[in-house]
Every structure is written in C-alpha cells, then in structure tokens.
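Residue strings, one per chain:
There are 2 protein chains.
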Amino acid sequence: MNNVLAQLPEDTSMEHFSDIIKSENVRIERIVSYGQSSPEHGWYNQEEHEWVMVLSGYGIIEFESGEVMRLESGDFLNIQAGRKHRVVTTSADEATIWLAVFYRQKDY
Amino acid sequence: MNNVLAQLPEDTSMEHFSDIIKSENVRIERIVSYGQSSPEHGWYNQEEHEWVMVLSGYGIIEFESGEVMRLESGDFLNIQAGRKHRVVTTSADEATIWLAVFYRQKDY
Numbered sequence: 001m002n003n004v005l006a007q008l009p010e011d012t013s014m015e016h017f018s019d020i021i022k023s024e025n026v027r028i029e030r031i032v033s034y035g036q037s038s039p040e041h042g043w044y045n046q047e048e049h050e051w052v053m054v055l056s057g058y059g060i061i062e063f064e065s066g067e068v069m070r071l072e073s074g075d076f077l078n079i080q081a082g083r084k085h086r087v088v089t090t091s092a093d094e095a096t097i098w099l100a101v102f103y104r105q106k107d108y
Numbered sequence: 001m002n003n004v005l006a007q008l009p010e011d012t013s014m015e016h017f018s019d020i021i022k023s024e025n026v027r028i029e030r031i032v033s034y035g036q037s038s039p040e041h042g043w044y045n046q047e048e049h050e051w052v053m054v055l056s057g058y059g060i061i062e063f064e065s066g067e068v069m070r071l072e073s074g075d076f077l078n079i080q081a082g083r084k085h086r087v088v089t090t091s092a093d094e095a096t097i098w099l100a101v102f103y104r105q106k107d108y
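Just so you know, the sequences run in chain order A and B. Just so you know, we're using the UniProt record's numbering here: the first sequence kicks off at 1 and counts up by one. Just so you know, we're using the UniProt record's numbering here: the second sequence kicks off at 1 and counts up by one.
Think of the hints as simulated: they come from the structure by calculation, not from any bench. The structure presented is a predicted model; accordingly, all values stated were derived computationally and were not measured. Note that the Cβ used here is the ideal one computed from N, Cα and C, for glycine as well. Hints should not be assumed to be uniformly reliable.
Covered stretches of chain B (in silico footprint by chain A; criterion: 3 or more residues with CB under 8 angstroms from a CB of chain A, positions within the stretch not fixed) [claimed, not checked]:
id, stretch
1, 1–9
2, 13–23
3, 45–54
4, 67–75
5, 91–104
The calculated lysine to aspartate or glutamate pairs, modelled on DMTMM-like cross-linking and capped at a C-alpha distance of 25 angstroms, are [to be verified]:
id, chain 1, residue 1, chain 2, residue 2
6, B, K84, B, E67
7, A, K22, B, E48
8, A, K22, B, E29
9, A, K84, B, E24
10, B, K84, B, E72
11, A, K84, A, E15
12, A, K22, B, D75
13, B, K22, A, D75
14, B, K22, A, E50
15, B, K22, A, E29
16, B, K84, A, E24
17, B, K22, A, E24
18, A, K22, B, E72
19, B, K22, A, E48
20, A, K22, B, E50
21, B, K22, A, E72
22, B, K22, A, E47
23, A, K22, B, D19
24, A, K22, B, E24
25, A, K22, B, E47
26, B, K22, A, D19
Now the in silico label distances, taken between C-beta atoms and shown as ranges [to be verified]:
id, chain 1, residue 1, chain 2, residue 2, range
27, B, N78, A, G35, 25 to 33 angstroms
28, B, A81, A, G35, 36 to 44 angstroms
29, B, N3, A, L8, 20 to 28 angstroms
30, A, V88, B, F17, 29 to 37 angstroms
31, A, A6, B, L8, 19 to 27 angstroms
32, A, M69, B, E94, 24 to 32 angstroms
33, A, N78, B, P9, 16 to 24 angstroms
Next comes chain A alone, as it looks inside the complex (with noise of 0.2 angstroms):
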C-alpha cells in the first residue's frame, strides 16, 4: 500500500487495522471501518497516545466522559494516553478511512 485511499478491503463486515509505519516510538496505522462501533464491548484504553485523523467518511466518538465528538474529512483530535474513548458509528454509506499515530514519550 502506497496511498491511504486505495485498495480498500472489500469485505465490509469488519473494521481493517493496516500498520504502515512500526518504529519503537511510532506507529502509523490505517483503519477503515464500513459503519462498525469498536470496540464491541466497553472502552479503548491504551497505553500510548493517539493522533488520529478521518480521511474520508466520518466517525463519531465517544469519551469516558461522556464527551461525544463528530469527525469529518480533515478533522482530527489527539487523545492522550490512559483517556477512555470508543467509537460510537461511522458512515454507514461509505468506508470511513481512519490516519492514526500512535506515540510514547521518552519517559514513558
């Protein structure tokens, strides 16, 4: 893969998790979802922080906190380590393409 908005899988029952950088300190991952909630129970919770950004489609998030964000193209939103969040839907109509960086600090 060498372009984010390609080769998108076809089967659209599951959310498809791409790693396309994996270094010690960061990893970048695609996630294309076609209308899922992840995860199906409870929260993400995870030890690394979390830059990510929709690409095309939208997603809807959740916090612990009850804080509920909408995601379009463009749109994105760093979630720190340890912050409990889901993702409520995603288009139902089109893929919902996903950028994510996952990073540590040093002293973490």
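Here the structure of chain A is known, so what remains is to put chain B in place on it, guided by the hints.
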C-alpha cells in the same frame, strides 16, 4: 487548527509549516505549498525519519540518487533520516497540503 484541510494561509508567496503535535519522539506537521520548490537551495538532509502524505494538490519529490516521485492525494512516502531530498514543485492551481510525521528511532 483542528482540521488539516481548513484555515489555509492566505499568503501564497511562501510555504507554511504548522506543528500539530510536538513530542519528544514524534512531530506531526502540516505543510501548505503554493507551487513552491523547497528548500530554495540544496537538499533537505534530516536527522529524523519523515513519513509524508499528500492530502490535496500534488508534489514532486526528487532524491539525490536521481529518483523522482510524484505524490497525489493519499499517496505517502517514508524518507529515511539522512536521505537527501527536495520538493521540485507543487501544484500551481491549488494549495498542496502535506501531512508529515517526523520520528526518531529509540537508539538514535
């Protein structure tokens, strides 16, 4: 800024660099180009690896080795630290928006 495609700078006489995330091991930057080549003289020769993607417009990157690559929307490229490169040109008709992730290896 919370949308990489919005709030484009008005001054088209120069390139515009904006840090989105600046952490010890990773820096995420938006670059908006209006037809510029860069750097003005010589090559970029960076201490960090750079993963770069074009979000709109296009850019042509040349490497010291002679290799030339044209990046359009969604195309990305990983440029190893120390690999000399430059931007030959970008779209003259519209803003070229780049997303760049600069990162270091742990043992760097």
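Structure-based check of all given hints:
With a threshold of 8 angstroms between beta carbons, the proposed coverage of the stretch 1–9 of chain B by chain A holds, since 5 of its residues qualify and at least three are required. Restraint check on the stretch 13–23 of chain B versus chain A: 3 residues with Cβ-Cβ distances below 8 angstroms, three needed, restraint holds. Counting residues of the stretch 45–54 of chain B whose beta carbon lies closer than 8 angstroms to any beta carbon of chain A gives 3, which meets the minimum of three for the stated coverage. For a cut-off of 8 angstroms, the count of residues in the stretch 67–75 of chain B with a CB near a CB of chain A stands at 3, and the three-residue condition holds.
For the stretch 91–104 of chain B, the stated coverage by chain A holds: 4 residues have a C-beta nearer than 8 angstroms to a C-beta of that chain, and at least 3 were required. Restraint check for K84 (chain B) and E67 (chain B): satisfied, since their Cα atoms lie roughly 11 angstroms apart, inside the 25 angstroms limit. Distance hint between K22 (chain A) and E48 (chain B) is fulfilled; the C-alpha atoms sit about 15 angstroms from each other, no more than 25 angstroms. Distance restraint check for K22 (chain A) and E29 (chain B): the Cα-Cα separation of roughly 19 angstroms lies within the 25 angstroms cut-off, and the hinted pair is therefore satisfied.
A distance of roughly 23 angstroms separates the Cα atoms of K84 (chain A) and E24 (chain B); the hinted pair therefore holds under the 25 angstroms criterion. A distance of roughly 21 angstroms separates the Cα atoms of K84 (chain B) and E72 (chain B); the hinted pair therefore holds under the 25 angstroms criterion. For the proposed pair K84 (chain A) and E15 (chain A), the alpha carbon gap of about 19 angstroms is at most 25 angstroms, so the pair holds. A hinted pair counts as satisfied when its Cα atoms are at most 25 angstroms apart, and K22 (chain A) with D75 (chain B) qualifies at roughly 18 angstroms.
Pair hint K22 (chain B) plus D75 (chain A) holds up; C-alpha atoms about 18 angstroms apart against a cutoff of 25 angstroms. With a CA separation close to 13 angstroms, the supplied pair K22 (chain B) and E50 (chain A) stays within the 25 angstroms bound. Taking the CA atoms of K22 (chain B) and E29 (chain A), the gap is about 19 angstroms. The hint holds against a cut of 25 angstroms. Simply put, K84 (chain B) and E24 (chain A) have alpha-carbon atoms about 23 angstroms apart, close enough for the 25 angstroms limit, and the pair holds.
For the given pair, K22 (chain B) sits about 17 angstroms from E24 (chain A) by alpha-carbon distance, which is consistent with the 25 angstroms threshold. Note on K22 (chain A) and E72 (chain B): the hinted pairing holds, with a Cα-Cα distance of about 23 angstroms set against a maximum of 25 angstroms. The straight-line distance between the Cα atoms of K22 (chain B) and E48 (chain A) is roughly 15 angstroms, inside the 25 angstroms bound, and the hint therefore holds. For the suggested pair K22 (chain A) and E50 (chain B), the alpha carbons sit about 13 angstroms apart, so the restraint of at most 25 angstroms is met.
A hinted pair counts as satisfied when its Cα atoms are at most 25 angstroms apart, and K22 (chain B) with E72 (chain A) qualifies at roughly 23 angstroms. Between K22 (chain B) and E47 (chain A), the direct Cα distance comes to roughly 18 angstroms. Compliance with the 25 angstroms bound is thereby established for this hinted pair. Pair hint K22 (chain A) plus D19 (chain B) holds up; C-alpha atoms about 22 angstroms apart against a cutoff of 25 angstroms. Annotation: proposed proximity of K22 (chain A) to E24 (chain B) holds, straight-line Cα distance about 17 angstroms (limit 25 angstroms).
Restraint check for K22 (chain A) and E47 (chain B): satisfied, since their Cα atoms lie roughly 18 angstroms apart, inside the 25 angstroms limit. This hinted pair checks out: K22 (chain B) and D19 (chain A) have alpha carbons roughly 22 angstroms apart, not beyond 25 angstroms. Distance hint for N78 (chain B) and G35 (chain A): a CB-CB separation of about 31 angstroms, consistent with the stated range 25 to 33 angstroms. For the pair A81 (chain B) and G35 (chain A), the supplied restraint of 36 to 44 angstroms holds, since their beta-carbon distance comes to about 40 angstroms.
As the Cβ distance of N3 (chain B) to L8 (chain A) is approximately 23 angstroms, the hint placing it in 20 to 28 angstroms holds. A C-beta distance of roughly 34 angstroms is found between V88 (chain A) and F17 (chain B), which places it inside the suggested range of 29 to 37 angstroms. Between A6 (chain A) and L8 (chain B), the C-beta spacing of about 25 angstroms keeps the proposed range 19 to 27 angstroms intact. Remark: the range hint 24 to 32 angstroms for M69 (chain A) to E94 (chain B) is upheld by a beta-carbon distance near 28 angstroms.
Between N78 (chain A) and P9 (chain B) the C-beta distance comes to about 22 angstroms, which sits within the given range of 16 to 24 angstroms.
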